[in-house]
Amino acid sequence: MLKQIPNLFVRGLLSLTLLAAILGRQSLHAATVEEVALMNRADRQKILVEGAKKEGKLSLYTTLIVDQVVRPVKEAFEKEYPFVQVDFFRGNSERLVQKMMAEYQAKRYEVDIIDGTVSPTMVRRANLLQRFFSPVLAEYPSELKDPQGFWGSTNLYFFATGYNTRIIKPNEAPRTYEDLLNPRWKGQMMWSTSRGSGAPIFIGTILNTMGPEAGKAYLQKLRTQNIAKTTASNRQVLDLTIAGEYPLALHIFNHHAFISKTAGAPVDWIPHEPVTATIQTIALAKNSPHPHAAMLFMDFVMSEKGQKVFQQSNYLPAHPKVPAKQLDLKPGGGRFKRAYYINPDTQYDKGNEWVDYFNNVFVK
Amino acid sequence: MARQRPFEPYDYFLKAGAVRPARRFFAFAASCHFDTAAAVMIAVSLVTAYLVLPPLYSVIQTSLFTTKLTGEIDRFTFSYYSNLFSELRVLGPLLNTIYFSMGSALLATLFGGTIAWLVTRTDTPLRGLGYFTAFASFGTPFILYTIGWLLLLGKAGPVNYWLKTLFTQTGPVINIYSLFGMIFIESLLWSPFVFLMLAAAFRSMDPSLEEASAACGARMWQTMRKVSLKLMLPAFFSVLLLIFIRSFESFEIPALVGLPGDIRVLTTSIYMDAQKLPPQYGSAGAFSVLLMLVVACTLYLYFRVTREGERFQTVTGKGYRPTVIQLGRWRYFAMFGLITYATVLLVLPFLIILWASFLPFYIQPSLDAIGRFTLKNYVTAVHFPKITDSIKNSILLGLGSASAVMVLTLLASWLLVRTKMRGRWLLDILTTLPLLFPGIVMGLAILRFYLFVPIPIYGTLWILLIAFVTRYIPYGIRYTHSGLLQLHRELEEAAYTAGASWSNCMRRIILPLMTPSFLGGWLFIFLLSAKELSMSVLLVSPQTPVVSVAIFELWENAQVGELAAFGVLWTLILVSIAVLYYLFARRYGIQQN
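For the record, the sequence lines run as chains R and Z.
All letters in the first sequence, in the order written, are residues 82 to 445 by the numbering used here.
All letters in the second sequence, in the order written, are residues 507 to 1099 by the numbering used here.
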């Protein structure tokens, strides 16, 4: 008899869990995700709050850096809506998409919100996103939101060249794309192979802003400069620049250089006009298990209040009315005027071409 | 509902009218350990097959089908293979891969083998340092070492700085971002592994053959060349093969060291191709299948060599110790070599990481940099999200996978070594297979498998445990197999003659005698799983953080300083586990296997 107890206990527990899972799934799908996502009526906020109270949590698949910004945003949101707990899974774009697609194939709907510069577009092509409406979207310019309502944006990335100020004096640093061709920089530069933030994006900017002919001619010249490559992120490239290994870091995020400089590192950034910019987009999963909570989260991060959290973390808010903490990190802040925004769809559609070009021309 | 009497197995057969054969079968089974062996064989093979076959199936499938945007299997295709071969047509990456893997295998065997020989067969002072270095180095996560050596040997690193002033050169003297740099770092990383495996082999060598050679008037080096080296051939070959396979499929060193220097190997080529969208895993799959074929051929060769080799080996249950070679004056030279090895392998990278951990951003070692020292990185590292959870999870996983692997492989090795059952070769292959999967491929395969089968372990620690156990089966086999080979079967036979059951014999004879290799393997797998990354990175969930992934995230995103601080803390935890084990082993006189 005694021997049977653990067995019975385990069985009971298992069947209870199963039951709970089935019931849970049914109750969540009572109001469709689409209805919640596209809701546009006076009592929207009230309905969302009521729904979110029942849901109690949401799950975010994010490419943002946990320490720097995910945790502050989570804390701010949970302070605003104490009845919702934010669970997050952090990974790079490819990993998030892999995970979400694998889960959807198995019909396991765990994710509510996915973000990234290109990951939302990727899952959208696989038809795994839900269009949504949020009143705050009206405050954003058209290039920072999807015309069909599949994504909004939370923050921006501006690319610049980082340089070691001990090795290169500020007045010697390359000011323009042409300056990078100076024989002095041969073997002195490094960039990341990352599709979303490395050499392929650099190539895309050149081809689009100079035109295909002139752009290719420029890149052929750049090739002879023997730029070192690494699969590590461009943050790592910047660290190697600070350590003096490669005095010039191509295509790093300007706020990374700023943060390190503030900490006292011998590093600074120079913009090359037009500055490449990518957009951190945020989107709703098609079968979001907690749509009410998810919509509250979307509203919050894109609102001025949520955007201030990004600002305080030294990220560059997407909201036009929220400036960067350090003003000159955004266009018009004094250090550069023009930005070339790479739309996530362009990044997706043209990306393979840029990767191929990179592999063919720059990789030996 | 009253049951008259408990169910008896005979009942079924009584009714079926098959009394006598059934009785005979059960009587036989009860008395004879070989049928217990058959049952164990079936159980062990089923468990191993369950662990190993799904990833295998998944790899072959991915290599032969295109996937839709959503990741569903789409069309049959050979294009991944043909692409692979067109990639090979640009012979460069293939040649680089071969140079890199061969070089690393040879150099690692040279490093590890020399140290193993010095430690086990000579009277070099401070021999214990060899074991300590090997165990401690297992504790340090892979990526930390690599960063450490890159910072040390990089263009702006201290080594180049000193060499520059020494030789009054203007440019850097050593270029670490080269094929040689890759081989050097990779072989250093693998040398502790070589050391542990060869030290075991050196110890189990029968000294009578060497003595006979010496008695015939051979000089020491002649004996070494003609007797010792030949005796060690199977062990050397097995180690070379292992390191060759691991380097062939390794990604970290080629990516971190090779790419900046434009040395491209197959794995980095595939990685660069896989940057395309939508993600295609076909080329990685095709690469794995190709790798499996290469390895299968090499393994075949290996088995032939070792079959020859076994004729040389005269391993019995007799207690003996190999003779210790008196090095005379060279003792101190050997000791110096040992210390240098420990310094290069362990102390220097640790010191540079320690240095980095105190700085707000990395500066090359200098006096004025000390003024910037701060503990901020440690504060951040300790506040890293869920740090206690991730440490707890990693230790739990290490304990679980080490225990499961060792029990499973002890049984499997027993079957392979002791029985002559048909179908043993199948078990042999099953337990070798996991060696052939690149970690990332296995991770993806396991992820997909458990999303589809209705076993609810997705997103829990169990899926990580299953992945680890699967991946480390071959390592467990190496330990238990060689351990069992050293036990003469007459010990077991004596137990059976005295009427012991199979389980009794296992528990009271084999397990106690196997303790050294069992514990050695256990620790080895514990440390390996504590730093496993390529599978974990796909299989962790928000609720199940592990240390290696946390470190990897810091590496990807944060600064070297925080990574270094976290790495230092984790290394200290692991090294203290290794030291405890080392003390324990010495206290109880266990020979490290």
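FYI, nobody ran anything at the bench for these hints, they're computed from the structure.
Note that the structure is a prediction, hence the values are computed from the model and not measured.
Every residue, glycine too, gets a C-beta built ideally from N, C-alpha and C.
Treat the hints with caution; some may be incorrect.
What the hints assert, rightly or not - Calculated cross-link-like contacts (lysine to aspartate or glutamate; reagent style EDC-like; alpha-carbon spacing at most 20 Å):
#1 Lys155/R / Asp580/Z
#2 Lys188/R / Glu758/Z
#3 Lys188/R / Glu999/Z
#4 Lys418/R / Glu224/R
#5 Lys574/Z / Asp349/R
#6 Lys367/R / Glu999/Z
#7 Lys445/R / Glu758/Z
#8 Lys406/R / Glu385/R
#9 Lys302/R / Asp349/R
#10 Lys389/R / Asp124/R
#11 Lys882/Z / Glu224/R
#12 Lys389/R / Glu294/R
#13 Lys342/R / Asp874/Z
#14 Lys367/R / Glu191/R
#15 Lys297/R / Asp260/R
#16 Lys155/R / Glu385/R
#17 Lys250/R / Asp349/R
#18 Lys267/R / Asp895/Z
#19 Lys134/R / Asp124/R
#20 Lys574/Z / Asp430/R
#21 Lys926/Z / Asp874/Z
#22 Lys127/R / Asp148/R
#23 Lys574/Z / Asp409/R
#24 Lys445/R / Asp768/Z
#25 Lys302/R / Asp895/Z
#26 Lys386/R / Glu220/R
As the list claims (entries may be wrong) - Over the 12 Å line for every Cβ pair with chain R, so calculated as not near, a few chain Z residues:
#27 Leu657
#28 Ser1007
#29 Val1081
Quick rundown of the hints versus the structure:
no.	hint	result
1	Lys155/R / Asp580/Z	violated, 39 Å
2	Lys188/R / Glu758/Z	violated, 34 Å
3	Lys188/R / Glu999/Z	violated, 55 Å
4	Lys418/R / Glu224/R	holds, 17 Å
5	Lys574/Z / Asp349/R	violated, 44 Å
6	Lys367/R / Glu999/Z	violated, 65 Å
7	Lys445/R / Glu758/Z	holds, 19 Å
8	Lys406/R / Glu385/R	holds, 14 Å
9	Lys302/R / Asp349/R	violated, 25 Å
10	Lys389/R / Asp124/R	violated, 26 Å
11	Lys882/Z / Glu224/R	violated, 40 Å
12	Lys389/R / Glu294/R	violated, 42 Å
13	Lys342/R / Asp874/Z	holds, 18 Å
14	Lys367/R / Glu191/R	holds, 11 Å
15	Lys297/R / Asp260/R	holds, 16 Å
16	Lys155/R / Glu385/R	holds, 16 Å
17	Lys250/R / Asp349/R	holds, 10 Å
18	Lys267/R / Asp895/Z	violated, 47 Å
19	Lys134/R / Asp124/R	holds, 16 Å
20	Lys574/Z / Asp430/R	holds, 16 Å
21	Lys926/Z / Asp874/Z	violated, 69 Å
22	Lys127/R / Asp148/R	violated, 32 Å
23	Lys574/Z / Asp409/R	violated, 44 Å
24	Lys445/R / Asp768/Z	holds, 6 Å
25	Lys302/R / Asp895/Z	violated, 51 Å
26	Lys386/R / Glu220/R	holds, 13 Å
27	Leu657	violated, 7 Å
28	Ser1007	holds, 22 Å
29	Val1081	holds, 26 Å
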